[in-house]
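Based on these hints, arrange chain B on the given structure of chain L.
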Amino acid sequence: DAGVIQSPRHEVTEMGQEVTLRCKPISGHDYLFWYRQTMMRGLELLIYFNNNVPIDDSGMPEDRFSAKMPNASFSTLKIQPSEPRDSAVYFCASKITGELFFGEGSRLTVL
Amino acid sequence: AQRVTQPEKLLSVFKGAPVELKCNYSYSGSPELFWYVQYSRQRLQLLLRHISRESIKGFTADLNKGETSFHLKKPFAQEEDSAMYYCALSRGSTLGRLYFGRGTQLTVWP
Chain L
1 DAGVIQSPRH EVTEMGQEVT LRCKPISGHD YLFWYRQTMM RGLELLIYFN NNVPIDDSGM
61 PEDRFSAKMP NASFSTLKIQ PSEPRDSAVY FCASKITGEL FFGEGSRLTV L
Chain B
1 AQRVTQPEKL LSVFKGAPVE LKCNYSYSGS PELFWYVQYS RQRLQLLLRH ISRESIKGFT
61 ADLNKGETSF HLKKPFAQEE DSAMYYCALS RGSTLGRLYF GRGTQLTVWP
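Residue numbers (our numbering), protein chains in the order written: chain L, 1 to 111; chain B, 1 to 110.
Bound conformation, chain L alone:
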């Protein structure tokens, strides 16, 4: 398995634009997580899914953020409209039990 795959790896956009980040979890994993990493706050859990169902979205900062998991092999995190303070590295991760496997992250810069 190629591991958790995220795209794009880098995204530079202007304030107000819509951003969509994508994630393909490891096949067979039934949990999927979206994290945001910044220097100030460290690693923050935004939302996680179990069997494609959102379980906890209390970490989603605002209504501008939304996440979907239409099937077991794909998830998106959308920010609309984006703001400079959304600049961060966004990680997707998946697991069955125990160990969490991370993607390489999507580095977002909002100008």
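Careful: at least some of the hints might be erroneous.
Chain B regions said to be covered by chain L (calculated; three or more residues, Cβ under 8 Å) [unchecked claim]:
id: 1; segment: 19-26
id: 2; segment: 37-47
Anything over 10 Å on all C-beta distances counts as not near chain B; from chain L, calculated [as the list claims (entries may be wrong)]:
id: 3; residue: THR20
id: 4; residue: GLY42
id: 5; residue: ASN50
id: 6; residue: GLU62
id: 7; residue: ALA67
id: 8; residue: THR109
Read the hints as simulated data drawn from the structure, not as lab findings. The structure displayed is predicted, hence computed values, not measured ones. From the three backbone atoms N, C-alpha and C, an ideal C-beta is built for every residue, glycine too.
This is chain B only, laid out in the frame that chain L set:
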């Protein structure tokens, strides 16, 4: 509620010196503890977990339930150990999310 605390945001040591990254947790049940490492601009990856009781890259960590700690130790630090280290807690291997500490940036000087 469960919480993971890493009191040191930054830690610097010289090559060959011992290093200890501190992790304390609060959880009333029986947790599973992990250390994750992130090398510069790479993905986070599992370094070790307490149930496996193994040494990885010379690092060890012992779960101390009395002190609710899971400190990461290495007797002789190497320059390639420079990375961000995150301590994480799970309420049980089948119970969903991991709770992460805020991380400790370790720098090993030559």
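We went through each hint and held it up to the structure:
1. Using a Cβ-Cβ cut-off of 8 Å, 0 residues of the segment 19-26 of chain B lie near chain L, which falls short of the minimum of three, so the contact claim is violated.
2. Counting residues of the segment 37-47 of chain B whose CB lies closer than 8 Å to any CB of chain L gives 5, so the stated coverage by that chain holds, three being the minimum.
3. At the 10 Å boundary, the C-beta of THR20 of chain L stays outside the reach of chain B, the nearest C-beta of that chain being 20 Å off.
4. Interface exclusion of GLY42 of chain L from chain B breaks down, the closest Cβ pair being 4 Å apart, not more than 10 Å.
5. For ASN50 of chain L, the condition that its CB be more than 10 Å from all CB atoms of chain B is violated, with the nearest at approximately 7 Å.
6. Listed as outside the interface, GLU62 of chain L is consistent with that label: its C-beta sits roughly 21 Å from the nearest C-beta of chain B, beyond the 10 Å cut-off.
7. Under the 10 Å C-beta cut-off, the non-interface status given to ALA67 of chain L relative to chain B holds; the minimum distance is some 14 Å.
8. With a least beta-carbon separation of about 14 Å from chain B, THR109 of chain L lies farther than 10 Å from that chain, consistent with its non-interface assignment.
Violated hints for the displayed structure, listed by number in ascending order: 1, 4 and 5.
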